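Student: Read off the chains here:
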Amino acid sequence: MISATVVLIICALAVAPQAFAGWFGHGDPRACDLADSALPPREGHPFGFDVQGCDLYANVIYGARSSVAIALLTTLGTVVVAVVVGCLAGYFRGWTDMLMSRLVDVFLGFPALVGMIVILQTLSTHNEFTVSAVLILFGWPALARVMRGSVLAVVNSEYIAAARGIGAGPVRILLRHVIPNSIGPVAVLAGLNVGGIIAYESALTFLGVGLQTPAISWGVQLNTAQQYFTTSIHLLVFPSIFLTVTVLGFVLLGDALRDAIDPRIR
Amino acid sequence: ACGGTATQDSGDGGGAGGAKTFSIGVTSYFVSHFTPGQSGGSNIDYAVFTPLTAVDSASGQARNAVAESIESEDNKVWTIKIKKGWTFHNGEEVTAQSFADSWNATAYGPNAMTNNYLFADFEGYADLNPAEGEPKTKTLSGVEVVDTHTLKVTLTKPLSLLPYILAQSTFAPMPKAAFTDLKAFDAKPIGNGPYQVTGEGRTTGATKITLQRYDKYAGELKGDAETVEVKSYQDEVAAYRDFQAGAVDVTLVGGNNLTNAATRYKDQLVQVPFPAVIYLGFPLWDKRFEDIKVRQAFSLAVDRDAIVKSLLRGFGQPAKGLAGSTIPGGGAQDCEFCSLDVARAKSLLAEAGGWSGPLKLWTYQDPVNTTILEAVSNQLRTNLGIETITTGTQPVDQLYPNLTAHKIDGPFLLYMGAGYPHLYALADQLFTKGSGTNVTGYDDEEFASLLRKAAAAEPDQAMGLAQEATRTAMAAVPLSPLFQPVGGLVHSKKLSNVTPEFLGGARIAAIKVN
Amino acid sequence: MSAPVLEARGLVKYYPIGGGPLRRVAGQVKAVDGVDLTLGPGETLGIVGESGCGKSTLAKVLAALERPTAGEVTVCGRPVGRLRGRALRRARRDVQLVFQDPYTSLDPRMTIEAIVREPFEIHRDLAPRGDRRARVRELLETVGLNPDHCGRYPHQFSGGQRQRVGIARALALRPRVLVCDEPVSALDVSVQAQIVNLLERLRDELDLAYVFISHDLSVVQHLADRIAVMYLGKVVEIGGEDDVYRNAGHPYTQALLSAMPVPDPGLRGRREEIVLTGEPPSPIDPPRGCSFHPRCWKADERCRAEPPALTAWRGAGHAVACHRPEVWSPAGGTEGEVSATR
Amino acid sequence: MSDLLESLPGHDPGAPMLSVEDLQVEFATAHGTVRAVNGVSYAVGAGETLAVLGESGSGKSVTARAVMGIVRAPRGRVTAGAIRLRGVDLLTLPEETRRRLRGTTVAMIFQDALSALNPVLPVGYQIAEMFRYHRGASRREARRRAVEVLDRVRIPSAARRAGDYPHQFSGGMRQRVGIALAIALDPKVIIADEPTTALDVTVQAQIMRLLGEIQREHGTALVLITHDMGVVADIADRVAVMYAGRVVEEAGAHDIYARPAHPYTRALLGAIPRPHLRGKRLAVIPGAPPDMSRPDEGCRFRPRCELAGPGCADAPPLYDVAPGRASACHEWTKVIEG
Amino acid sequence: MGRYIVRRVLLAIPVLLGTTFVIYLAVYALPGDPIRALFGPNQVISPSVERALRERFHLDDPLIVQYGHYLAGLARGDLGTSFSGRPVSEIIRAGWPVTFQLGITAWLMEAVLAILLGTLAGVRRGKAADYTVLAGTTLAMGIPFFVVAYVAQFVFGVQLGWFPVSGADAGWPVAYLLPGLVLALGVLPQSARVTRNSVLDNLSADYVDTADAKGLPRRVVVWRHVVRNSLIPVVSLLGVSLGYMLGGTVLIEGIFNLPGLGYQIFTSIPQHDGPVVVGIGTLLVLVFLLVNLLVDLLYGILDPRIRLH
Ligand SMILES: Nc1ncnc2c1ncn2[C@@H]1O[C@H](COP(=O)(O)OP(=O)(O)OP(=O)(O)O)[C@@H](O)[C@H]1O
Ligand SMILES: Nc1ncnc2c1ncn2[C@@H]1O[C@H](COP(=O)(O)OP(=O)(O)OP(=O)(O)O)[C@@H](O)[C@H]1O
Ligand SMILES: [Mg+2]
Ligand SMILES: [Mg+2]
Ligand code: NI
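Chains as they are written, first to last, in our numbering: chain A, 1 to 266; chain B, 267 to 780; chain C, 781 to 1122; chain D, 1123 to 1460; chain E, 1461 to 1769.
I should point out that these hints are in silico values taken from the structure, not numbers from a laboratory. This list has only true hints and no planted wrong ones.
Over the 10 Å line for every Cβ pair with chain E, so calculated as not near, a few chain D residues:
1) Q1146
2) I1357
3) Y1379
4) L1399
5) R1424
6) P1425
Stretch by stretch, here's where chain A covers chain E in the computed footprint (C-beta under 8 Å, at least three residues):
7) 1470-1479
8) 1489-1495
9) 1594-1602
10) 1649-1659
11) 1705-1711
12) 1722-1730
13) 1747-1759
Covered stretches of chain B (chain E as the covering partner; in silico rule of three or more C-beta atoms under 8 Å from a C-beta of chain E):
14) 392-400
15) 662-673
Please read these numbers as outputs of a predicted model, since none were measured by experiment. We put the CB at the ideal spot given by N, CA and C, even for glycine.
Looking at chain A on its own, in the form it has when it is part of the complex (with noise of 0.2 Å):
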């Protein structure tokens, strides 16, 4: 359960930064003074400075907040319309599945980050909500993809026949019989997908139409590390390790969850 820890002390940060971000010093992350722009670590300042002079220590811990909201409320997104999707298509077959297998192929194959450009230029606000709503946009086909498959799979048992046959209509048997045997593999993936939506969050706001300053995040540090990496390392490497240590203990959290919904392994 090392997974659920790391996931639940990285949600604590998120949700209560104030608590951690003052362990070694002030822990104000607005607190900056130019002149210690992209200082190497000091006593009270253990990651250094970021290029504005902040304590990066306070602010890579502040960048938890944003960057697990936006990874959750994704993650909740995208698996809530593959899901639904993935369920329609799987089950209902015929034009419901050619229409979204047709649909699911043209998001997979237009440039997701062509898209997110576009639309989030249209939005012109770029917070949390907006970010995550276009992550959703592009994230979702994948595991929409995934859940077809195994609801082809489940649709095809016998107990879906049993249940049928004891009368059970679609809705009960989507809601209690589909889904709970079939996202095992979308929780996984989804797991596994973490990591990639705050690396996505970063990419956006490297193209100028993410998460921008004065906002905290992951993503927004490490693009500006990004462009002294030559000079100041540290500003890459700290924000790199909570990123890879959260995308961690995701991908774990997803499998333990598969395994957790599967009673045949407990």
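With chain A's structure known, arrange chains B, C, D and E with the ligands on it following the hints.
Tutor: This is chains B, C, D and E with the ligands only, laid out in the frame that chain A set:
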């Protein structure tokens, strides 16, 4: 640089008997158009074309290039004599007609050349660009070919700075051959400059253009290298990386890489102060900024020295006035509120009734701009105690229309370069009502009349009048200059005499290959 | 005999191959190809036949899980063919299916309580909310499971126990008919005996009628009142238990019976076996005429050309679809000349 | 080729073809260690057929897999006992030697032929592999031999069908392909794990006949694992009955049917539906098999046994009931007398 | 089979038309002004020029009319003209080879690495190799790929000089190795893990027992039997990941200065260059559809149980 890969032969340029050659990295914007009417005035443009005049970067004076003489009685009607013996790369002679053809093409509205506006002060411009419908004529009535080597130019109002204006690549001549296929010309121009474009020129999808020295060049500054390879990059960062890998011999560096270059390539870095200003503009249409004291307070709360020293690692000049000393007429300390004075800022803001509510600062999408804007917002927060500061960015094509439409709700960080090296140009662009780049909405009759006077005056008086006009404008604090940017030209060891062109790129013809 | 609880007339079920939107149907699997059946209350009809002959398909059509391509299923006098949605779901209550594979027919993520309780949640009228738990325990007891185990998951039970869960779920709806699709094939003899006993007990207690499908002839013989033998989607012989086992008229029935292993080493080598040659034909492209003719040792021109109809033969209610039926019984040797290929 | 088995230490031409001695196999599971096989012994001679009967989960398959050496590490482990081929103890051999014996000397037929065959490789290829990796045959030679083997198991037009995939065969044919894999290299021992459970009686009869023929031709020792008492009666020479990881009775086929010597065997025979039992309840064994992860010292059948007495708290040894007959029941005399 | 292909291709036509419309709509809806964008930050635009440009590119027409113009051109085989004055077909012709080579390189790298690493992790489940692959792939996934790109460029290009830092001059494959690797890394974690899980599933399949019982050497069992079967889900994922890679070229081509389609489309967005965005976007969707058709056909080869009709 470190060991490059085998793909680049830039290292053996000086090899025994080998032809002198080097490669130069530029951003793709520099080579997007070659037609004078559309070109951006990059160093490549000046390698391929030579206009009538050139601005001496040392003295800041306009010198004759293709022009033999440029004279006027009233600064309105000008007689331009052209030197003999100049030829285009295809051998065609450069005549008065070559200039007239080029100018007419640009000024002709339906051609939709981007530099069209530069001819707005020429007589007949209105006929070529009617408010509605097709123009009836195709030539500027203000440009008259007197004989093969004499041009008569008539302006709509006196403008003593014409020789400066004519130094821009837009005013370069075009040969007859150009007009058979303007598209082809744009990709592979036939100019009259020290270098000619060989091969297919600029092709879609290629990142390389080869220049070859034009041996019959009639100008003073003949190129040293026989061939020059121009490589285009997405941005300066990419070009600098290639330079580090040894794939490029000279390139412009900016932003964060300047620091890196300054330490790694100490003796190979040429600093280039840009004739431009980075400023914080105030939305004069916004009620909250109506009170000049608010604007003054904001201006006083920004620590320009810290930004330049820490963020820019010293590459920049903290602004004391609108224009830096690199611009003719600049260097004056005409900004009273350009030094950090927190106490005064606070009291001024308090006098104006303090600040309440959110504050949003704007700039266009650009990594350096956003970093600086963030620093400014941090300082405003700390020094003025405005807690709810956010920043926003928009793409250029949204930000400018929104500024003109007065839809931006906060101060904005912008960059303004002088159209040509003269304080007049900068002041005109920033403060004249109706100018496309006067985004603060500043409008003042006293300033306008001073500037009109400057335009009509003789060069020596013009400067003083322009400075006076600038002082007038600055006193009203429609904007607060932050610093004058500095760039750098970094070059490999085999090159010497690397000097900047007006826009910052290396002056190609001047570069010596060892 | 009282009115039949389940009746099938001219049932046909074809599965298209490679169908789908915008797709041309490439062919059809003729899984069930014209079957007539009648089942009285409390009666057990055994169905035997080769693997792939359409037994399971028939079961699904009878339980209204699949819509027949043609023909009509009547449950307690009500035709179910045209019912849809809610009405169809109600009609399904009377005919319940018990699946062959107890491993795949239970949702692995539900406790057995949830599984058995589900019918009550769907049909609220079956029992008031407060009674449901008691009813579930009662049902589990009926099928011989410990009600205290109701919080367990299917994978924690043995095959026989799972099969009972399946039966309990079916019984929850108080059906008139249980269609059992090979309910004991996956179980070993001792467990098989438990299930067989359970089914017999339920039949006596609840007056259930069964359609009992199996390829184990001895189990069918043990349970069934009447037996239908299927071959390639068609019923080729039908009759009382005694008629079919002792006086089989169709050569395929005879071959089946002869191959039935007898648990007595004393009979080893002394039984007569009819060995079928050739592979079972494909239901996509069944042979013309009598579908059994390619493997039949007495097939003649007529068999190749003309499909035989199910016609009465010997005892009452005994019918055979063969042009030249002859009596044969595994123990008593042949009547008439049968040239059995050894 | 020189016989690999003969060159191995301990080889004894007089020893039984295959003998399993006091074998123990454990599995590590989430619920603790499962001792799936707990002291199984049986032996089978050349040309002989041993039927292994027993309740589901009694360890029949695990024993077979242990003989084949395919009990999966790390979860499954053979912890004690010996498996001897003509006296050679396989468990002491290095893995590579065991591998070379698999398929050549001992072979196995699996229950579900469809899942036991690789779905994406042609059946001919799957057979040819054996010739290539054991006999070093060339691609073409191996293919030719594979067709021969398919021919032997009566696959019609074998040469053409060798290129087909398992799903293109009917159930009976697939099982014949499974047999082809097992007999390809003429092994001395074949273990058939419920080879006909999924098939109907006519096909089952075909398969059994085929196995009998092969056995007769090559003198192969056959271990047949099955539930079907009819099949056992038809072809077994000897029968081993397993319960909860042990062999509880071993005897000749005739004896077991006539006079079982273990209460479990007796109950099993009583559970078979027979024509004369029609309309009557079948005899059933009350209760459920023991939980193998919580081993009970003492007789494992005790909780379900009608004869159970206090003495059954001690695990019964395998009593010699008669020559070639053994029963693991303290009360075997009572049982055998009925 | 033939019919199947024809049907799939026909089905792609409405999909592609729909795509063009949606992209057109999106570009049209972009706030900001294309003319302003064409001129750059602080250029003055004269009204006459602006008018001429608007007319030339039909910018004043309503969306439907603009799209109609576009479709009419399309019917004539004319993909339209970029605001920069170059025909879109020319832009595509010039950029296609670069993107193609980049895509292929990245795809091959992903396939090879995913299968190797995934199999390794699966076969050595629970051992150090498994955890190493997990950790490595997580790292690759957690760090945004533009950061990976810059670091890779700096380390392997600038510092070590093993690869060209940027540009396509070195030709295939040298110039494409580094950007290809960076692209591949973006999807590698997923495909490696899918491979691993698929290998695990197959390792416990019955046919592996058969193969073991046949006495085949372990390596034959793993590579011939297990990997072969495990590829089936991986191949379909590889098909999908191509879409991601084509999308990734948008950033990678810019960073590595490769003059391909991704870079073109990327620079065209701020320019509101509708014809270019639509043309290239649709082309990429088309490629994706075709590749996935190929994948489906490959599926039929890898898994003979699947028949396509
Ligand atoms: N959903 C389906 N789609 C296409 N063909 C099907 C479908 N279900 C069954 N079939 C085919 O119909 C035929 C009859 O199948 P069915 O399952 O009814 O046989 P069965 O008699 O129950 O066989 P078994 O004894 O093996 O269970 C088979 O050839 C089978 O392949
Ligand atoms: N891989 C495994 N992990 C854990 N337990 C196992 C494993 N394989 C078998 N077992 C356990 O070992 C015991 C014996 O199983 P085995 O498969 O030998 O039974 P069997 O006699 O062949 O039964 P059946 O007749 O159902 O095939 C069972 O309790 C089973 O749960
Ligand atoms: Mg069936
Ligand atoms: Mg078994
Ligand atoms: Ni086909």
